[in-house]
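Visitor: Same order as they appear, the protein sequences are chains U and X.
For the record, in the first sequence the residue sitting at position 266 is 266 according to my numbering, with numbers rising by one throughout.
For the record, in the second sequence the residue sitting at position 229 is 229 according to my numbering, with numbers rising by one throughout.
Among the clues, some could well be false.
Same chains, same names: a pair is fine if it fits in one copy or spans any two.
Straight-line alpha carbon distances no greater than 25 Å define the calculated SDA-like cross-link-like pairs of lysine to any residue that follow [to be verified]:
#  : residue 1 : residue 2
1  : K118      : K249
2  : K238      : L273
3  : K150      : G126
4  : K118      : T198
5  : K150      : K200
6  : K150      : F258
7  : K118      : R107
8  : K116      : E105
9  : K57       : L179
10 : K249      : D114
11 : K131      : S163
12 : K57       : R86
13 : K13       : T44
14 : K116      : E292
15 : K116      : R45
16 : K249      : S123
17 : K12       : F258
18 : K116      : W259
No wet-lab data here; the hints were simulated from the structure.
What you are looking at is a predicted structure, and each value in this text was computed from that prediction instead of being measured.
Protein chains: 2
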Amino acid sequence: MHKLIILSEYEKKYQALIEKAQLPNLQITGLLANDVDIAIGEPTRIKAALAYLPALKWAQSLWAGVEPLLDPAPRSGRDYVLTNARGVFGGLMSEYVLGYLLAHERRILQMAEDQKNKRWNDSDTGTLRGKTIGLLGVGSIGADVARTAKFFGMTVRGYTFSSEASSDVDRYYHGNDLLEFAKGLDYLVNILPNTKDTHKIINADLLAALPPHALVINVGRGPAVDEAALLEALSRQKVAGAVLDVYEKEPLPQDHPFWSTPNLHMTFHTAALSLPEDLTRIFIENYNLYNEGKPLKYQVDFEKGY
Amino acid sequence: MHKLIILSEYEKKYQALIEKAQLPNLQITGLLANDVDIAIGEPTRIKAALAYLPALKWAQSLWAGVEPLLDPAPRSGRDYVLTNARGVFGGLMSEYVLGYLLAHERRILQMAEDQKNKRWNDSDTGTLRGKTIGLLGVGSIGADVARTAKFFGMTVRGYTFSSEASSDVDRYYHGNDLLEFAKGLDYLVNILPNTKDTHKIINADLLAALPPHALVINVGRGPAVDEAALLEALSRQKVAGAVLDVYEKEPLPQDHPFWSTPNLHMTFHTAALSLPEDLTRIFIENYNLYNEGKPLKYQVDFEKGY
Numbered sequence: 001m002h003k004l005i006i007l008s009e010y011e012k013k014y015q016a017l018i019e020k021a022q023l024p025n026l027q028i029t030g031l032l033a034n035d036v037d038i039a040i041g042e043p044t045r046i047k048a049a050l051a052y053l054p055a056l057k058w059a060q061s062l063w064a065g066v067e068p069l070l071d072p073a074p075r076s077g078r079d080y081v082l083t084n085a086r087g088v089f090g091g092l093m094s095e096y097v098l099g100y101l102l103a104h105e106r107r108i109l110q111m112a113e114d115q116k117n118k119r120w121n122d123s124d125t126g127t128l129r130g131k132t133i134g135l136l137g138v139g140s141i142g143a144d145v146a147r148t149a150k151f152f153g154m155t156v157r158g159y160t161f162s163s164e165a166s167s168d169v170d171r172y173y174h175g176n177d178l179l180e181f182a183k184g185l186d187y188l189v190n191i192l193p194n195t196k197d198t199h200k201i202i203n204a205d206l207l208a209a210l211p212p213h214a215l216v217i218n219v220g221r222g223p224a225v226d227e228a229a230l231l232e233a234l235s236r237q238k239v240a241g242a243v244l245d246v247y248e249k250e251p252l253p254q255d256h257p258f259w260s261t262p263n264l265h266m267t268f269h270t271a272a273l274s275l276p277e278d279l280t281r282i283f284i285e286n287y288n289l290y291n292e293g294k295p296l297k298y299q300v301d302f303e304k305g306y
Numbered sequence: 001m002h003k004l005i006i007l008s009e010y011e012k013k014y015q016a017l018i019e020k021a022q023l024p025n026l027q028i029t030g031l032l033a034n035d036v037d038i039a040i041g042e043p044t045r046i047k048a049a050l051a052y053l054p055a056l057k058w059a060q061s062l063w064a065g066v067e068p069l070l071d072p073a074p075r076s077g078r079d080y081v082l083t084n085a086r087g088v089f090g091g092l093m094s095e096y097v098l099g100y101l102l103a104h105e106r107r108i109l110q111m112a113e114d115q116k117n118k119r120w121n122d123s124d125t126g127t128l129r130g131k132t133i134g135l136l137g138v139g140s141i142g143a144d145v146a147r148t149a150k151f152f153g154m155t156v157r158g159y160t161f162s163s164e165a166s167s168d169v170d171r172y173y174h175g176n177d178l179l180e181f182a183k184g185l186d187y188l189v190n191i192l193p194n195t196k197d198t199h200k201i202i203n204a205d206l207l208a209a210l211p212p213h214a215l216v217i218n219v220g221r222g223p224a225v226d227e228a229a230l231l232e233a234l235s236r237q238k239v240a241g242a243v244l245d246v247y248e249k250e251p252l253p254q255d256h257p258f259w260s261t262p263n264l265h266m267t268f269h270t271a272a273l274s275l276p277e278d279l280t281r282i283f284i285e286n287y288n289l290y291n292e293g294k295p296l297k298y299q300v301d302f303e304k305g306y
């Protein structure tokens with residue numbers, strides 16, 4: 001018999017969904033106990049519980065990003081398998097990115113201003129067709145964004161550590177080719193996980209390499225952006241605009257200049273929600289593998305950080 | 001030798017593009033003359049010139065809608081072939097529709113308000129996946145919108161006179177099934193041309209058949225909407241919102257209530273621009289057919305009105 005603890009803000013919801021699946025050999029417990037071998041939850045909550053789960057063999061994160069469980073690792077030896085949420089955020093992230101690209105090209109916010117001012121402004125609007133989008137990071141989310149960008153007739157560049165798995169990327173860039181990758185982009189979208197290699201990857205040099213009409217979107221993790229450099233680039237019109245869903249510190253402090261920066265559009269870590277139905281599907285799939293002693297899907301590499 | 005007159009606001013642009021194509025047996029003239037057999041231009045300008053073009057055999061409209069040349073027909077006998085612009089607006093229209101659907105689901109305008117008020121509002125946003133979109137009219141533009149809607153995981157309904165050409169439409173409706181078509185829609189999009197059959201097709205009955213969370217988009221022609229009925233439906237929350245690109249009278253009069261109706265988002269007949277490069281491509285294709293005495297593409301049926 002396996003013992004599962006649910007360490008989530010939405011514990012009851014997950015408990016109901018998992019119980020409904022009637023998984024074999026599985027008991028759900030509400031107690032941090034010596035014999036709990038499985039945990040599912042938000043990485044922050046799993047982190048806080050790790051010291052009290054000596055028998056833990058497998059933890060399923062409800063998020064894609066698992067930074068709280070990594071560097072420095074809260075549990076020595078990394079003696080459990082950590083799996084994260086993959087393949088469920090791509091659609092929502094693509095909707096977010098495309099929504100903001102279209103809002104930018106179609107001047108949706110300005111149209112609302114024109115309406116408010118009773119101004120019949122029939123000047124030209126832009127199109128996505130023929131534009132070039134650059135994706136920082138092409139994992140399962142990036143591949144979905146790439147596929148969507150191709151659907152709308154864009155050219156797609158991808159910057160990755162080494163992988164070239166998505167065939168919707170027209171050209172891949174790696175390593176020192178970052179500034180070459182940025183040259184001539186209409187849109188730059190960061191989807192990278194938070195690791196030491198991605199820290200402030202969107203810095204003054206990268207921003208200076210972009211054309212002044214470029215739009216920067218960050219749906220990855222906040223620390224990927226050098227926030228001071230972005231503010232500088234926006235105020236000096238080195239880039240046309242930015243759309244941010246994630247920040248170095250969340251919620252963003254009230255005195256942060258982002259709140260009132262023109263051409264910077266904020267959302268509130270809402271680009272892709274973790275839907276319990278989707279996440280439970282991942283858990284069930286992995287539980288069946290676990291119960292049969294097979295390797296789990298979506299395993300996090302503690303060295304790489306994703 | 002054929003003689004062409006360009007009757008367009010962008011005469012010089014079209015002249016340069018057509019001259020560059022070096023079409024055989026073609027002379028461009030600036031004069032309304034007895035021997036002009038071909039005209040290209042906006043329907044309003046073609047209409048004004050028709051009486052002075054007795055030898056006209058073919059007119060190529062730069063717009064999809066050709067109402068000014070129809071009812072009542074300014075030239076008796078309809079003794080010339082009228083072709084319109086098709087296959088060039090679908091991509092732009094799809095971008096417009098998807099842009100506003102995503103802005104609606106992702107609350108892009110409200111997010112901008114939240115930012116202005118320094119409110120970290122991480123409440124849930126919506127998604128297109130699983131939603132049902134209903135297209136009033138599925139010609140070449142509608143087919144493109146249908147294909148895009150399928151790409152984002154929507155169910156697609158189509159209401160047409162009789163055609164069922166697009167395989168991206170999950171279910172077709174015709175004739176008296178209009179209210180059945182409307183039932184349960186998340187989004188209603190009008191793309192119909194302006195004919196006597198489409199006049200005020202979006203009326204109080206149709207609006208009442210929609211669920212209260214429905215969003216209504218009109219990118220077809222203004223007269224398709226009963227404007228008073230739409231205002232009533234919006235003010236009584238019978239529908240959630242509307243996005244209008246076209247109006248009964250354009251530009252919209254300054255005292256029209258649409259300007260200041262909450263949940264009504266206006267654009268200014270800007271959903272799909274006629275790009276001279278696209279339209280010249282259509283003209284060249286048709287000119288080559290004309291010069292060889294073959295039937296032209298995109299012929300308007302004067303009875304149907306499109």
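Visitor: With reference to the structure, classify each hint as holding or not holding.
Guide: Here is how each hint holds up against the structure:
Only between protomers do K118 and K249 lie at most 25 Å apart by alpha-carbon distance; the minimum there is 15 Å, versus 39 Å within a single protomer. In this homomeric assembly, K238 and L273 never come within 25 Å of each other (Cα to Cα): the closest approach is 32 Å inside a single copy and 29 Å across copies. Proximity of K150 to G126 under the C-alpha cut-off of 25 Å is found in both arrangements, the shortest distances being 17 Å within a copy and 23 Å between copies. With identical chains, the CA atoms of K118 and T198 are never at most 25 Å apart, being 45 Å at best within one copy and 28 Å at best between copies.
Within a single copy, K150 and K200 get their C-alpha atoms no closer than 28 Å, and across copies no closer than 37 Å, so neither meets the 25 Å cut-off. Taking the shortest alpha-carbon separations for K150 and F258, neither the intra-copy value of 31 Å nor the inter-copy value of 36 Å comes in at or below 25 Å. Taking the closest pair of Cα atoms, K118 and R107 come within 25 Å of each other both inside a single copy (16 Å) and across two copies (22 Å). Proximity of K116 and E105 under a CA criterion of 25 Å is satisfied in both settings, with 20 Å inside one chain copy and 21 Å between copies.
In this assembly of identical chains, the alpha carbons of K57 and L179 never lie at most 25 Å apart, being 42 Å within a copy and 57 Å across copies at closest. When the C-alpha separation of K249 and D114 is checked against a cutoff of 25 Å, the pair qualifies only between copies, where the shortest distance is 18 Å, while the shortest distance within a copy is 34 Å. For the identical chains of this complex, K131 and S163 are intra-copy neighbours only, at 24 Å inside a copy versus 34 Å across copies, given an alpha-carbon limit of 25 Å. In the homo-oligomer, the alpha carbons of K57 and R86 lie at most 25 Å apart inside one protomer (20 Å), although the nearest pairing across protomers, at 61 Å, exceeds that limit.
For a Cα distance limit of 25 Å, the shortest separation of K13 from T44 inside one copy, 18 Å, qualifies, whereas the shortest one across copies, 61 Å, does not. In the homo-oligomer, the alpha carbons of K116 and E292 never lie at most 25 Å apart, since the shortest distance is 62 Å inside one protomer and 53 Å across protomers. In this homomeric assembly, K116 and R45 never come within 25 Å of each other (Cα to Cα): the closest approach is 46 Å inside a single copy and 32 Å across copies. Within a single copy, K249 and S123 get their C-alpha atoms only as close as 39 Å, which misses the 25 Å cut-off; across copies the closest is 18 Å, which meets it.
In the homo-oligomer, the alpha carbons of K12 and F258 never lie at most 25 Å apart, since the shortest distance is 36 Å inside one protomer and 46 Å across protomers. For the homomeric pair K116 and W259, the shortest alpha-carbon distances inside one copy (22 Å) and between copies (7 Å) are both at most 25 Å.
Hint violations for this structure: numbers 2, 4, 5, 6, 9, 14, 15 and 17, all remaining hints satisfied.
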